[in-house]
Each structure stands twice: as structure tokens, then as C-alpha cells.
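With the hints as a guide, bring both chains together as one complex.
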Amino acid sequence: MVQSLGYLKESPSQTAGPYVHIGLTPNHADIRGVYDTDLGAVMVNDKTLGRRITITGRVLDGTGTPLKDALLEIWQADAAGLYNSPSELRGSADPNFTGWGRCATDGVTGEYRFDTIKPGRVPFRDGRPMAPHISVWIVARGINLGLNTRLYFADEEAANAEDPVLARIEHRVRVPTLIAAGEGDHYRFDIHLQGERETVFFDI
Amino acid sequence: MSDRPNRKPETGAFFARDRVWHPPGLTPGYKTSVLRSPQKALLSLDGTLSEITGPVFGHSILGERDNDLIHNFAKPGESAIGERIIVHGRVLDERARPVPGALLEFWQANAGGRYRHKKESYLAPLDPNFGGCGRTITDQDGCYAFRTVKPGPYPWPNGVNDWRPAHIHFSVFGHGFAQRLITQMYFEGDPMIWKCPIVQTIPDRAAVEQLVAALDWGNTIPMDARAYKFDIVLRGRRSTLFENRMEGN
Chain A
1 MVQSLGYLKE
11 SPSQTAGPYV
21 HIGLTPNHAD
31 IRGVYDTDLG
41 AVMVNDKTLG
51 RRITITGRVL
61 DGTGTPLKDA
71 LLEIWQADAA
81 GLYNSPSELR
91 GSADPNFTGW
101 GRCATDGVTG
111 EYRFDTIKPG
121 RVPFRDGRPM
131 APHISVWIVA
141 RGINLGLNTR
151 LYFADEEAAN
161 AEDPVLARIE
171 HRVRVPTLIA
181 AGEGDHYRFD
191 IHLQGERETV
201 FFDI
Chain B
1 MSDRPNRKPE
11 TGAFFARDRV
21 WHPPGLTPGY
31 KTSVLRSPQK
41 ALLSLDGTLS
51 EITGPVFGHS
61 ILGERDNDLI
71 HNFAKPGESA
81 IGERIIVHGR
91 VLDERARPVP
101 GALLEFWQAN
111 AGGRYRHKKE
121 SYLAPLDPNF
131 GGCGRTITDQ
141 DGCYAFRTVK
151 PGPYPWPNGV
161 NDWRPAHIHF
171 SVFGHGFAQR
181 LITQMYFEGD
191 PMIWKCPIVQ
201 TIPDRAAVEQ
211 LVAALDWGNT
221 IPMDARAYKF
231 DIVLRGRRST
241 LFENRMEGN
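Protein sequences, first through last, are from chains A and B. The UniProt record's numbering numbers the first residue of the first sequence as 1 and each following residue consecutively. The UniProt record's numbering numbers the first residue of the second sequence as 1 and each following residue consecutively.
These aren't lab readings, by the way, just hints derived from the structure by calculation. Wrong hints could be hidden among the right ones.
Listed next, the in silico DSS-like pairs over lysine-lysine satisfying Cα-Cα at most 25 Å (straight line) [said to hold, decoys possible]:
{"#": "1", "chain 1": "A", "residue 1": "68", "chain 2": "B", "residue 2": "119"}
{"#": "2", "chain 1": "B", "residue 1": "150", "chain 2": "B", "residue 2": "118"}
{"#": "3", "chain 1": "B", "residue 1": "229", "chain 2": "B", "residue 2": "195"}
{"#": "4", "chain 1": "B", "residue 1": "150", "chain 2": "B", "residue 2": "75"}
{"#": "5", "chain 1": "A", "residue 1": "118", "chain 2": "A", "residue 2": "47"}
{"#": "6", "chain 1": "B", "residue 1": "229", "chain 2": "B", "residue 2": "150"}
{"#": "7", "chain 1": "B", "residue 1": "31", "chain 2": "A", "residue 2": "68"}
{"#": "8", "chain 1": "B", "residue 1": "229", "chain 2": "A", "residue 2": "9"}
{"#": "9", "chain 1": "A", "residue 1": "9", "chain 2": "B", "residue 2": "195"}
{"#": "10", "chain 1": "B", "residue 1": "118", "chain 2": "B", "residue 2": "31"}
{"#": "11", "chain 1": "B", "residue 1": "119", "chain 2": "B", "residue 2": "31"}
{"#": "12", "chain 1": "B", "residue 1": "75", "chain 2": "B", "residue 2": "118"}
{"#": "13", "chain 1": "B", "residue 1": "118", "chain 2": "A", "residue 2": "68"}
{"#": "14", "chain 1": "A", "residue 1": "68", "chain 2": "B", "residue 2": "40"}
{"#": "15", "chain 1": "B", "residue 1": "195", "chain 2": "B", "residue 2": "31"}
{"#": "16", "chain 1": "B", "residue 1": "119", "chain 2": "B", "residue 2": "150"}
{"#": "17", "chain 1": "B", "residue 1": "195", "chain 2": "B", "residue 2": "150"}
Covered stretches of chain B (in silico footprint by chain A; criterion: 3 or more residues with CB under 8 Å from a CB of chain A, positions within the stretch not fixed) [unchecked claim]:
{"#": "18", "region": "16 to 24"}
{"#": "19", "region": "48 to 61"}
Because the structure is a prediction, the values reported are computed rather than measured. Glycine included, each C-beta is placed from N, C-alpha and C at the ideal position.
Same shape as in the complex, but just chain B (with noise of 0.2 Å):
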């Protein structure tokens, strides 16, 4: 966590979160959710420095294949079973402002649909050659890429015969620990994203198209993979200049 950011650190309170925009926590439709959900009301707290700050990872962390999922569990000479595609695209604060040296970790299913996880029970196989984990740092623009192979949808135990669209988990650091989001990407198109309980969790459909990326033509390699462009929005934060804080904080 040494190598920081060049700019100036930013020490403002978040903006509120928008809890009407997130899904609630009782969401039937999606059964797990009805008895891990709180019952009682959250306790609201402006940000202190427990909030604000932050862990800020440093690219050295990564290695150099963390960002192909094509090849990072792959034997030597050989590749991960897909669509070859390229995921890309900026982290963003509310304030439309990029957010540099941002740790972004994903996973997926493989292109069959299936998970290497012990859990997972579908019959699709599992790819020898794909792992499903990946993970890149924002540049100084908010910008981030990674190669990987477009996930399969799957079945799973929820309604009798809910499937999940194909969809990219999404782990996100920004600044602060207060910023902390899991998403998920789903691919333009798919009309699977609207039969989905865990899609319907989320109540605005504007919401939802948030987290649809979109074809990117211009940025597909001819001969090689398809683009998606997927850009996730962070929470923004107050200009410091609306601190007003006691010496010593």
C-alpha cells in the first residue's frame, strides 16, 4: 500500500447513499435474502475518519496475467473455451470525477455456465483451462481492462426454474472504506437480465441498465475479441472546503 495516488488526497464525507436506487435487503423474490436481511433500521453516521479513509492498493500487488482470465489459470500454450471478449471501461465518483489506483477484482462463471467452486452443482463441465478469478488497478484516469471469455448463464436453486444471464461479479475499492461496492456486469441484449429474481432486486429499471455494458464496436480487435464497455459509478464525496472541522480532526 505504499505507491498512493499523485494527487492531493481527498478528505470530505461521502454523499449519502441512496438507498432507494440500492436493492432493500428483504427482497423475496430472491429467498436467501429473507433471513439474512436486518430487520431493524440502519443506524445512520456521517463519516468519520473510520469512514473516510481507506486501504489503497499499490500496482505491485498485481501480476502480469491478472488481467487475462483467457490465460491465468491456463496450462502453457493454451487458452480458456469462450467468446473471447474485452471488458473495459472508467470507475467514476457521483461527481463524475475518475478515481485513480482504484482495486477492481472480478469473477465468473465459465462459458458453459459453470463455477469452480466446490458448492456449484450444475452439469455444465468445468473448462481445464479457465479459473475465473481477475482483478486490475485503475490508471490515472479511472481507467481499467481485462480480457477474459463471456460467461454462460446458469440454473440455480431459487424458483423452480430461475437462471442467472450471463453476468461478471465486480469487486470495488475506492478511497474510502465507505465506498465499498459488489456489483455485477450484464451484457447488452441478453433478455435473460429481466427474468432474473437477483436483477429484480434492484427497483428502478434506470438502476438496472446501469449495470448493462454496452457493445463497444470501436474498441473491438478485429480477429481477436468483442469490447464491452462497463463503467461503475463510486460514491462521491464533500469538497473539503465544507469541512468544517475541529483542530485536530
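Pulled out of the complex, with its shape left as it was, chain A reads as follows (with noise of 0.2 Å):
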């Protein structure tokens, strides 16, 4: 016999089915008078540092059909490259940037958007600096573990060519898939649940 690790197991994953905007977007649903706001629903104020961006795109599905039911999470740093966090030990992050964004989906188009700022750069767990990037979350009815992706940016090229993250994607086709276009302050990004085109999601 040996000691006993005393480990719990996670508690296992169920989907957030179709009506998760009643508990993480009740206004959106149009529950009204239990919450101020949405949560998440503005991640920036006119003293947040930083170049204002804007972030819209959909969610498809294996037949290229947008879903009009899911929900996505996005978590990035503030503009220096700093996270509004307990566990940033590196500094303090711009107080007027909560750095954490939620938005469902369109009920009629399937369009998502998020209006932030540029993240600065992270190191990655060797020093190396990663790229500018957004951490996503995307949940939904028939998506039974959430899924977690992230977006690059089309304008970081160098950047993105010394990302340790992009670096270990084998398939070098697929990278395009976690670069989001930008024209002027506005970034487009697609995420593929199937297909040729299948967004690079991460387990981590």
C-alpha cells in the first residue's frame, strides 16, 4: 500500500445547452430587472490605455451554418501586455480594463463582437515573448466541454512568425485558422467547429 494522494476529480463537463443567456446574458434575453447589465458586456472605459479595437465574427458549424446559440468568453491582457489578475505578479494591470469580455451570439445572424483594445505582449513559460493574442472560450448547445481557441492578428506578422504557441502547430496550414484580418481598428474572425478549414482548438 502506499499514501493516498487525496485527489478530487474534476467535476465532468455538460453542455450549456440552448438557453445558457438566461444565466450569463439574462438582459440579452431579455430577462429584465435582475441584473444592472450583462456581464462582460463592456470590458473598456474612455480612460482604458491602449488602440481601441473591434472584434466580430460567427460561430459554424460542419455545414458552414452559423450558430445563433452559442456564447464566447474572451480573456486578454491590457495594452502593456498585463492581465487584471490575482495571479499577474509581474505588475499592475490598467485598472480601467477588466481585460474579460462575454457575448452571445446573434439569435438572427449568428454575428458576435467585442469592442476592446490591443493586447500588449505575454511571455511565454520560457521568457520568450508570445505574440499579441486573445484567449476564447466558446460554449454552446451541442458542445459539450467548452472549447478553447485563440486569435492572432493578421497585422503582427513578425510577431506572429516568433509565437512559441503558433510554432508547434504542425500543420502549417492550419495557423491562418487563429488569425483574425483586420482592416483599420476593426478585426474579423471566423471560428470553424469542423471542416477543412477547422479552427485549432487548445486543450489546456
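Next up, the structure:
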């Protein structure tokens, strides 16, 4: 016999289901008066440092049909590359930037939208800088365990070329699935759940 | 996100997720998963700062009735119809340590099994005094509690005659974005748990049982509400003693 490690098992995931908006964006779901605002709807204020950007896109199923009942959350560093989190020990992040956003895809068009700022660079585990990126988490009816991916920026070619995470993608044809196309301050990022253009998802 | 837990923040990477314990992406018995499950292998990534950090929510975001679904949508002096229950428990991590400051959000159908949602078509009636959402934040010991009515089971279009067992959806934030979890709580003794295609996406019976809340007679309040106890376990994280970090990281 040996000592028991005494570890517990993580609670198993279950799908967020078709009515995730009732719980996570009730005002968006027309349930008024319970919360003043939906959490994560606003990430910036007029004092937030950094370049304002907008990210829009859709989540597409295996037939190319956009999901109209999905919910996305994003998590990112501030303009200086610091996270607004107690686990961030390198310094204090911009107090006027939450770093976290939540958005339901539109019930008619399937579009999502985040108004945020361009993140700064954050070091990888070995200290090398990662390219500016945003962590993305996707849940919906039919998704049994939330999907994790990353959004990188098309106008960061040099940084992307030396990013240690992008470098780990063996099939280089899949790298573009993580790169948002930009026009001015507007970036476009579609997430493909299946198919030839299936987005790279991470086991983080 | 200002009032942070009083203990030293942890910065170790999270234990690898046991993806055999969780449901796989493709579960044909739950039809919607067929076109929504990735078909390529996931790319493994040991946690960087982007995964081990996460937003923390202060108690200041909470309203007085956020953890009382019996009253938080009801007209003054009225309350939701149904079996009055208290759901409580602890949020722990895989090391069995409590997770303080964890935001829990929950949503559910009303006592008749009807959701307040424009895409819901079940013929059971809405309860004008029940919205179906609530939230709370765990205390320093990782404990939480809320009041609600027991949700009803309801039919859903999957198989010809599929019904969901009574359940409450939970969304949980830990301290890192990699701990993010959505799951569902079921009720002790419900025979419908074992007939449900969504429950059956979980391969291991012991894992399903981890989602079944026990009737907690000790905490039941006489003449008021029965209690159910539901503990939630989030991913554990490595001790920082094991993290061989380069300077500046």
C-alpha cells in the first residue's frame, strides 16, 4: 500500500444548452430587472489605455451554418501586456480595463462583437514573448465541453512568426485559422467547429 | 474586480484535464453534437500566463436578491411557484482545497419545466414570478448557497421521446481562465437521470454521480425549504515550487 494522494476529480462538464443566455446574459435574453447589466458586456471605458479595436465574427458548424445560440468569452492582457488578475505578479494592470468579455452570438445573424483594445505581448513559459493574442472560450448547445482557442492579429506578422504557441502547430496550413484579418481597427475572426478550415482548438 | 481574496495568489499551471472523465465532443446520441464537435486533435498547451490568470469578481457586483430565484424576478410581495429548495455546497479544486471568490452563475426551468426563453416551445406555462437566473460568489471557505424552486423535467427535440431530468445549470469561474467550467446539477433519486442522452454523454457512471446533489436533511429548514448539497470541483494547479520559471516570467 501507498499513501493516498487525496485528489478529487474535476466535475465533469455538461453542455451549456440552448438557454445559456438566461443564466449568463439575461438582459440580452429579455429577462429584465434581475441584474442591472450583463457581465462582460463592457470591457473598456474612456480612460482605458491602448488602441481601441472591434472584433466581430461567427461560429460555424460542420455545414458552414452559423450558430445562433453560442456564447463566447474572451480573456486578454492590457495594452502593456499585463493581466487584470490576482495571479499577475509582474505588475498592476490598467485598472480601467477588465480584460474579460462575454458575448452571445446574435439570434438572427449569428454574429458576435467585442469592443476592446489591442493587447500587449505576454511572455511564454520560458520568457520568450508571445505575439499579441486573445484567449477565446466557446460554449453552446451541442458542445459538451467548452472549446478553447486563441485569436492572433494579421497585422503582427513579425511577432506571429516568432510566437512559441503558433510554432507548435505541425500542420502549417492550419495556422491561419487563428489569425484575425484586420481592416483599420476592425478585426474579423470566424471560428469553424469542423471541416477543412476547422479552427485549431487547444487542450489547455 | 478589485476586492481580491486575502491569501497569496497561486501561479502554478493547472493539472492536465482528464478528458476521459469529461464527455467527448462527438456523442451521436446527443444529435446536436454531431455537427458541432471538432474532428481534429486538440493542440496540447501547458499553461502560460494567458491560461493561469483569470478574471476575479468582487462581491460588489452582487445584488441582494441575486442568490434568491424565488424572489429575484417576482413582483413585490409575491414569489415563484414550486417546491422551495436551498442549494448549497463548496467549490473545491482537485487538491481538495476550497476555492474562495469563485463566481457561480446558475439558470434553470421553472417548476413546470418551462424556460423563460423565446426559443422555448414546451406547452407548460411560464410563471410570471420566475425568471430562472441567479448568481453568487463563494466565501473564504469556498462555500455558496442560494434559494430557488425545484425545476421540472421537460421534453426536448432529440429522440422522439427524450426528456431532460430536473436540473440546474452552473457556470463556474475559478482563479484561472483554464478552470472555466459549465456543468449541470441533478437531483438525488431521479430515475430520469439515467435515461437522458445529455447525461449519457459522460462515459463513466461515477462521473455522472458526481453531478447528483444529495438531499441534505440536516440543513433542511422546517416548514420552509429542503436543502440539496452540491459540491463542485475545479482543476487543481501545480505548486509554484514545481515551476521552473525563467527570470521575468
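Hint check results:
1. Between residue 68 of chain A and residue 119 of chain B the alpha-carbon distance is near 11 Å, which keeps this suggested pair within the 25 Å criterion.
2. Distance check on the hinted pair: residue 150 of chain B and residue 118 of chain B sit about 22 Å apart at the alpha-carbon level, within 25 Å; holds.
3. With a C-alpha separation of about 23 Å, the suggested pairing of residue 229 of chain B with residue 195 of chain B holds against the 25 Å cut-off.
4. About 19 Å separates the Cα atoms of residue 150 of chain B and residue 75 of chain B, which keeps this hinted pair within 25 Å; it holds.
5. For the proposed pair residue 118 of chain A and residue 47 of chain A, the alpha carbon gap of about 15 Å is at most 25 Å, so the pair holds.
6. The suggested pairing of residue 229 of chain B with residue 150 of chain B holds, with an alpha-carbon distance near 13 Å, which does not exceed 25 Å.
7. The straight-line distance between the Cα atoms of residue 31 of chain B and residue 68 of chain A is roughly 17 Å, inside the 25 Å bound, and the hint therefore holds.
8. Taking the CA atoms of residue 229 of chain B and residue 9 of chain A, the gap is about 17 Å. The hint holds against a cut of 25 Å.
9. Only pairs whose Cα atoms come within 25 Å are accepted, and residue 9 of chain A paired with residue 195 of chain B is accepted, the gap being roughly 24 Å.
10. A threshold of 25 Å between alpha carbons decides the hint, and for residue 118 of chain B with residue 31 of chain B the separation of about 22 Å falls inside it, so the pair holds.
11. Taking the CA atoms of residue 119 of chain B and residue 31 of chain B, the gap is about 18 Å. The hint holds against a cut of 25 Å.
12. Taking the CA atoms of residue 75 of chain B and residue 118 of chain B, the gap is about 21 Å. The hint holds against a cut of 25 Å.
13. With a C-alpha separation of about 13 Å, the suggested pair residue 118 of chain B and residue 68 of chain A falls inside the 25 Å cut-off, and the hint holds.
14. Between residue 68 of chain A and residue 40 of chain B the alpha-carbon distance is near 23 Å, which keeps this suggested pair within the 25 Å criterion.
15. With a C-alpha separation of about 15 Å, the suggested pair residue 195 of chain B and residue 31 of chain B falls inside the 25 Å cut-off, and the hint holds.
16. Taken as a hint, the residue 119 of chain B and residue 150 of chain B pair is honoured in the structure, with Cα atoms around 22 Å apart against an allowance of 25 Å.
17. Restraint check: the Cα-Cα separation between residue 195 of chain B and residue 150 of chain B comes to about 19 Å, which is no more than 25 Å; the hinted pair holds.
18. Given as covered by chain A, the region 16 to 24 of chain B passes the check, having 8 residues with a CB less than 8 Å from a CB of that chain where 3 are the minimum.
19. Given a C-beta distance limit of less than 8 Å, the hint that chain A covers the region 48 to 61 of chain B holds, as 11 residues qualify and 3 suffice.
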